[in-house]
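Q: Fit chain B to the known structure of chain A by using the hints.
Each protein sequence line maps, in turn, to chains A and B. In this text, residue positions in the first sequence follow this note's numbering: the first is 305, and each later residue adds one. In this text, residue positions in the second sequence follow this note's numbering: the first is 163, and each later residue adds one.
Derived from the structure by calculation, the hints contain no laboratory data. Careful, some of the hints might be misleading.
Stated by the list, open to error - Computed, partial: chain A to chain B, Cβ under 7 angstroms:
| id | residue |
| --- | --- |
| 1 | 335 |
| 2 | 347 |
| 3 | 402 |
Claimed, not checked - Simulated coverage check for chain B against chain A, where a stretch passes if three residues somewhere in it have a Cβ under 8 angstroms from a Cβ of chain A:
| id | region |
| --- | --- |
| 4 | 223-235 |
| 5 | 250-261 |
The structure presented is a predicted model; accordingly, all values stated were derived computationally and were not measured. Virtual Cβ for every residue (Gly too), placed ideally from N, Cα, C.
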Amino acid sequence: KQEVTQIPAALSVPEGENLVLNCSFTDSAIYNLQWFRQDPGKGLTSLLLIQSSQREQTSGRLNASLDKSSGRSTLYIAASQPGDSATYLCAVISNTDKLIFGTGTRLQVFP
Amino acid sequence: DAGVIQSPRHEVTEMGQEVTLRCKPISGHDYLFWYRQTMMRGLELLIYFNNNVPIDDSGMPEDRFSAKMPNASFSTLKIQPSEPRDSAVYFCASSPDVNTGELFFGEGSRLTVL
Numbered sequence: 305k306q307e308v309t310q311i312p313a314a315l316s317v318p319e320g321e322n323l324v325l326n327c328s329f330t331d332s333a334i335y336n337l338q339w340f341r342q343d344p345g346k347g348l349t350s351l352l353l354i355q356s357s358q359r360e361q362t363s364g365r366l367n368a369s370l371d372k373s374s375g376r377s378t379l380y381i382a383a384s385q386p387g388d389s390a391t392y393l394c395a396v397i398s399n400t401d402k403l404i405f406g407t408g409t410r411l412q413v414f415p
Numbered sequence: 163d164a165g166v167i168q169s170p171r172h173e174v175t176e177m178g179q180e181v182t183l184r185c186k187p188i189s190g191h192d193y194l195f196w197y198r199q200t201m202m203r204g205l206e207l208l209i210y211f212n213n214n215v216p217i218d219d220s221g222m223p224e225d226r227f228s229a230k231m232p233n234a235s236f237s238t239l240k241i242q243p244s245e246p247r248d249s250a251v252y253f254c255a256s257s258p259d260v261n262t263g264e265l266f267f268g269e270g271s272r273l274t275v276l
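Next up, chain A with everything else stripped away, as it sits in the complex (with noise of 0.2 angstroms):
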């Protein structure tokens, strides 16, 4: 059965830092990862998806790696705004087409 685990589950950080949120997974079969944003009372937002036959995927400020073989994806915020604060889940699909949730990383970047 696959796990997904998210490590910190809370960070908080002053602005301008650049920072790093984990993802491992206990299955390394997977069709890809996903990293998304929520925002309190809201729903998901996809940020980057990584296919499981690439390394990494950049968009912005935000790079996502993923690495299959260790089970494990970091999801790097260059440069941390206010507006990064929102809480972030990654996720894994393997061959059952399951999206599996990890637990989220809440961030708070405060000015």
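A: For chain B alone, kept in the frame of chain A given last:
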């Protein structure tokens, strides 16, 4: 496209009442998912459809829960009878191709059962 549309956004009901949540996926998306989110359990997949056909409903908690997708543009999640432990945010999501495509979520329906 307006994105995935869910209704109602908020519902407060009393224990024992029937609850119906609605979802309109993005046009052209073949996959539709129903998730439930709580503080204790995070995001749980309840059921998903491919081309209007239920593929996996193993996440549906019990017989009180049922989901239908009568056509490509509409799905419902029904709880009958509702219980306080059903209180959660229910999300609907759609995807053009779950293996290679992204998942797009609605804003969710916040259900409170008193």
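Q: Does each hint hold? Answer for all of them.
A: Verification of the hints:
{"no.": "1", "hint": "335", "result": "holds (5 angstroms)"}
{"no.": "2", "hint": "347", "result": "holds (4 angstroms)"}
{"no.": "3", "hint": "402", "result": "holds (5 angstroms)"}
{"no.": "4", "hint": "223-235", "result": "violated (count 0)"}
{"no.": "5", "hint": "250-261", "result": "holds (count 4)"}
Violated hints amount to a single one, hint 4; each of the other numbered hints is respected by the structure.
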